[in-house]
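J.: Read top to bottom, the protein sequences are chains A and B.
The first sequence maps to residues 18 to 130 in my numbering.
The second sequence maps to residues -15 to 95 in my numbering.
Hints listed in this document are in silico derivations from the structure and should not be mistaken for laboratory results.
Careful: at least some of the hints might be erroneous.
Covered by chain B, according to a simulated footprint, are these stretches of chain A (three or more residues, beta-carbon under 8 Å) [claimed, not checked]:
#: 1; segment: 40 to 47
#: 2; segment: 67 to 77
#: 3; segment: 86 to 93
#: 4; segment: 107 to 114
Beta-carbon label-pair distances, calculated as ranges [stated by the list, open to error]:
#: 5; chain 1: A; residue 1: R30; chain 2: B; residue 2: E1; range: 22 to 32 Å
#: 6; chain 1: A; residue 1: I68; chain 2: B; residue 2: S43; range: 42 to 52 Å
#: 7; chain 1: B; residue 1: S43; chain 2: A; residue 2: N101; range: 31 to 41 Å
#: 8; chain 1: A; residue 1: Q58; chain 2: B; residue 2: N6; range: 15 to 25 Å
#: 9; chain 1: B; residue 1: D11; chain 2: A; residue 2: I77; range: 31 to 41 Å
Heads up, the beta-carbon is just placed ideally off N, CA and C, and yes, glycines get one too.
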Amino acid sequence: DGGITQSPKYLFRKEGQNVTLSCEQNLNHDAMYWYRQDPGQGLRLIYYSQIVNDFQKGDIAEGYSVSREKKESFPLTVTSAQKNPTAFYLCASSLGKITDTQYFGPGTRLTVL
Amino acid sequence: KQEVTQIPAALSVPEGENLVLNCSFTDSAIYNLQWFRQDPGKGLTSLLLIQSSQREQTSGRLNASLDKSSGRSTLYIAASQPGDSATYLCAPSEYGNKLVFGAGTILRVKS
Chain A
18 DGGITQSPKY
28 LFRKEGQNVT
38 LSCEQNLNHD
48 AMYWYRQDPG
58 QGLRLIYYSQ
68 IVNDFQKGDI
78 AEGYSVSREK
88 KESFPLTVTS
98 AQKNPTAFYL
108 CASSLGKITD
118 TQYFGPGTRL
128 TVL
Chain B
-15 KQEVTQIPAA
-5 LSVPEGENLV
5 LNCSFTDSAI
15 YNLQWFRQDP
25 GKGLTSLLLI
35 QSSQREQTSG
45 RLNASLDKSS
55 GRSTLYIAAS
65 QPGDSATYLC
75 APSEYGNKLV
85 FGAGTILRVK
95 S
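Using the sequences and the hints given, assemble the complete structure.
T.: Put into C-alpha cells, the structure is as follows:
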C-alpha cells in the first residue's frame, strides 16, 4: 500500500522542548517537503529536499531543522527556538522534476501547552 | 514574492449547481499549478495539475483552466454533490517545485 505516512497524528509539547515529527514515503520519490498550516491560512513551506543528504530552507525555516539521511524519510524537528509552533504540519513528496505532482501525508497536529 | 488569492473565501450552494472557484497569482513565472482538496483535519488530495504550457485539464466533473499571462486559474465543478464539500486550495509552483498556497475556498454543497 503505497503512500506517505506521518506520525504521530497528534502531538503535545511543553514549552522549551524539542519534538520530532516523522514523515515516511514508499513511493520512491526523490523530493520531500514540509509545510505548516495555520487556521484560515494557506500552507507555508518550511524545508524541502530534492535528493538524499541535501535540503534547503523554505519561507519559514527559523526554529525548525530537518535531515535527509534516507530517501524514504524526512523528519522535522521543531525546536524551542520556534516562537509559535502550534500548527498543523504536512509532509509531501514528488518524483523530483519541477513539473511533478506533490502528494501529501495525513498531517500531524502539534499543540504547545 | 509570489502571492496567491482565492475568491470567494467561502461558498454555499444547493446540490446540482455548477460552480467556479477563482485563483489569482502575482508572478506569472510559474512551472505548473495544482488544485487540491482538503477535508477538515486531513491532508491534501491532489485534484488537477496544469503545466505552464497547458490551458486546461479535466478530470471527471472537474475542469481547471490556466491563464498564465494574466495570473489566473479557475476550477469548475459540474453538478456539485454534498461529497464535494471541502476546502479547495490553489498552488502555483516556483523553481524547485516549491508550491505557494492560497488560503483556500471553503465549499459547502447542501442536499
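J.: Now tell me if each hint is right for this structure.
T.: Structure-based check of all given hints:
1. As drawn, the segment 40 to 47 of chain A meets chain B at 0 residues by the rule of a beta-carbon pair under 8 Å; below three, the given contact is violated.
2. Coverage of the segment 67 to 77 of chain A by chain B holds [criterion: at least 3 residues with CB-CB distance below 8 Å; count 3].
3. Given as covered by chain B, the segment 86 to 93 of chain A fails the check, having 0 residues with a CB less than 8 Å from a CB of that chain where 3 are the minimum.
4. By the rule of at least three residues with a Cβ nearer than 8 Å to a Cβ of chain B, the coverage given for the segment 107 to 114 of chain A holds, with 5 such residues.
5. Range check, R30 (chain A) to E1 (chain B): Cβ separation about 44 Å, and the 22 to 32 Å hint is violated.
6. Here the CB-CB span from I68 (chain A) to S43 (chain B) is close to 30 Å, at odds with the stated 42 to 52 Å.
7. Our hint of 31 to 41 Å for S43 (chain B) and N101 (chain A) holds, since their Cβ atoms are close to 37 Å apart.
8. In this structure the supplied range 15 to 25 Å holds for Q58 (chain A) paired with N6 (chain B), their Cβ-Cβ distance being about 18 Å.
9. Under the hint 31 to 41 Å, the C-beta atoms of D11 (chain B) and I77 (chain A), about 19 Å apart, miss the expected range.
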